[in-house]
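S.K.: So you can see what is in the structure, the chains are spelled out below.
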Amino acid sequence: MSTDIYLNVAVSGVLTGLVYGLMALGLSVIFGVIRVVNFAHGEMTTVAMYLAVVLFATLGLDPLLMMVPIAGVLFVFGYALQRWLINPFINRPEHSQFILLVAVAIILANGLLIVFGPDARSVQTSYAFDSFMIGPLIVDATKAFAGLAAIAVAAALFAFFRLTQLGTAIRACADNYTGAQVIGLNVPRLYALTFGLGAACVGAAGAMLALVTDVTPPLGPSFTLLAFVIVIVGGLGSMPGALAGGILIGVIAALAGLLYTPSAKGMFVFAILVLVLLFRPQGIFGRRA
Amino acid sequence: MSTLLSIDGISKRFRGLVAVDRLSFQVDQGDIFAVIGPNGAGKTTLFNMIAGVFSPDGGTIVLSGERINGLSPDQICHRGVGRTFQIVRPFPALSVEDNVIVAALLHRHLVPDARAHAGEVLRQLYLYDKRAQRASGLTLPDRKRLELARALATDPKLLLLDEVMAGLRPTETDRMVSILKELNRSRGLTILLIEHVMRAVMALAARVLVMHHGAAIAEGAPDQVVRDRAVIESYLGAETV
Amino acid sequence: MIARLAENVSPRAATALVLLLLALLVAPWFANDYLLTVLILIFYFAYTGQAWNIMMGFTGQLSLGHAIYIGLGAYTTAVLFSFSGISPWLGSFAAILVTVLCGAMIGFLAFRFRVSGVYFAILTIAFAEFARIGFDHLSYVGGSAGFFLPVANYTQSDLWTLRGKPIMFYYLSLGMTVAAVVMCHIMISSRLGYFWLAIREDEEAARAVGINTFRYKLIAVVISAAMTSLAGVFFAFYYNNLFPEEVFSINRSIELILAPIFGGLGTLFGPILGAFMLTGLAETLTTTLAALGVDVPGAKQVFYGICLLLVITVLPDGVWPWLYRRLGLAGRCE
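Protein chains in written order, with the working numbering: chain A, 1 to 289; chain B, 1 to 241; chain C, 1 to 334.
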């Protein structure tokens, strides 16, 4: 096969990887600050995708434009979830929190099944089949836009955490829970805010994903798993790590799909996860615990 | 008097911080040996090395003629070392009795035998009446004695006690001291203890080692050591001497 | 033997148990086919719940990929039966061997490299997914198109080849569940059980009293895997068809943890109670909906999710511990 094909597939992998990276970024933020393992992460992504599909089907609105409102809806959902359901669980044993989110995931996934049925839905925009030619590369328009949007959202999030007072307060909570309380930060509210932000990332990523791929209700667990792989490979609690992990996994999965069979992508992803968990559990950018 | 435990030039660094610095001393069979020193002197690190939680960066630890540095905690326990933790760690959901049975099962493979032995140990530590209570519901002095009972149930030759008197009122401290003295007298149990409560150290220890910044600064009988200039300096600062 | 088993069970509890067992033994005479299928499902979940409980409730290791053992057990015996005519009773030995090796590998990797807690759970999910995708591509066993067992004449019940009527499967699953409970009781009352509980409570303190935690965690994983594989054998011969998407699916892994969590982790009867309550209520829900002419796929799962949510918030230790305190059935159940 010519290098052109490899290159095209790799670029495609980078772009979709960026979107998955954004989704994983949400997980990283949630876990990095609140230390809660959001097992419902994939289901939240699926909800966002369905929102995009419905808005497109009923109002004809482009998912990329709907990115912001969808992210807003997910933000509210995430905030409420953390504030009322998860906050009381902060001091419970780890597996209790995990099970709580498993329950939320089950309810969400099957709720979607009840509402939308099992058939695949997708968004076909007017530019769905367009592509850009950049030198030897042929890049899908949808993927290009999605990838760029992902970078934009991630950049906005970085800016928030580095430059705003609220962002700094949240980072303080992540660093030192007791210390943050001692200096008067309202930690439960900040946690709720953080979960909301993580959910908003998921919302935005979901809107972009609707552009790029079909959605069915049982997709949740594979997204959750993918998010975990990306976050673990990139480094838990590291924001650049989530994006880098996303790109890496995106490229490897895409190339694996090319060299073997498309459905073997999953096996490669899991092989990488196992290797990372065993040999470098802190990931690429993570700090050793 | 034969040597039970021989510490020879052990050191431990944690990324640039020297926690223990070429420490050497010996504990004879049947001794009660205390390690004292200001906070951060490296005492618990010393214990953790003896108990196998981590291995020394250099030097050797020899128990009854066998090198034990580098072995895992459970292997070291098999060889006769029982330990307590500075912050007590009972098995919370298990009963007092079950806590001790777990330890007794080390050398007694049948549950009824282990239960019988656990009962004896609990009686010695005045916990037999509370044997059916959940460990998480005990008061601090009781939890300390449970911690001790658990370590004793493994039939140790050497008992490592990490600040076992911390948080106890004077009457409870005295009770613990008399229990330990009795154990030492009746079964010849060798005891190595880290302690801040000087009342207990003076009452129990035959020999005392003083640590400061990871190194030994004095060793000898208790009344000698407390009058040692370097020791007073380390606790109170050079100006006061 | 009986004296030892009865050691920690109060007379009231023992009577209740015997009565329940008798009721279950004669149930097929009074129950219709549908009720029998529901009961079989309950026993299946009670059994798998017990097996999973060994790892989580007794040793504290959260496995969310237990479906891998069901799948391996199912495929091993199904293949041996279909291609070589080997009875599932004999094939079970092979199934146990395969799952023991698999469990040992997963456990060894995880514990040697100190993968624990959430990371361990994710590792188990990864292995199960790996198996799912792998079997999807294994054309020898039909791949994603599925593997089908030869379906025989249903008027005859052949216990040796496990071909037959629901009533045979009823007694088989009941037997498996009872055996599982007895086995778990024996294990938890033994030295092994004490060590497991100690590891669950505080692994470092357990090491300090001489317990080789690596070895005992591995034993728990392996026993749990072997027990679960037999559920896989049952699955294969009861449903007669195997699809990697279904049998290795994460949904399978999740559904088998619902009963023990709902009923009570780390207790002997928690998984049983959980299975009865959850499956019983879910089936009632489905039949009610059907009677109303409504068919809502996914309603049952939403129900499970809500039950799980309620139990974890209100009764985090599960229903059984709360129930036995209320009924004054105090007996040592853990």
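Derived from the structure by calculation, the hints contain no laboratory data. Think of the CB as a built atom: it goes at the ideal place given N, C-alpha and C, for glycine as much as any other residue. Take these hints with a grain of salt, some might be off.
Among chain A residues calculated to face chain C with C-beta under 8 Å, some are [what the hints assert, rightly or not]: (1) ASN87; (2) ILE90; (3) ARG92; (4) LEU137; (5) LEU273.
S.K.: Hint by hint, note whether the structure agrees.
M.R.: Going down the list of hints, with the structure as the test:
1. Taken as an interface hint, ASN87 of chain A does not check out: its beta carbon lies about 12 Å from the nearest beta carbon of chain C, beyond 8 Å.
2. Taking 8 Å as the C-beta contact cut-off toward chain C, the hint placing ILE90 of chain A at the interface is violated, the least distance being around 13 Å.
3. The closest approach between the C-beta of ARG92 of chain A and any C-beta of chain C is roughly 7 Å, which is under the 8 Å cut-off, so the hint is satisfied.
4. Below 8 Å, beta-carbon pairs count as interface contacts, and LEU137 of chain A has none with chain C, the closest being about 30 Å; its hint is therefore violated.
5. With a cut of 8 Å, the hint placing LEU273 of chain A at the interface with chain C holds, because the nearest CB-to-CB distance is about 5 Å.
Hint compliance for this structure: hints 1, 2 and 4 are not met, and every other hint is.
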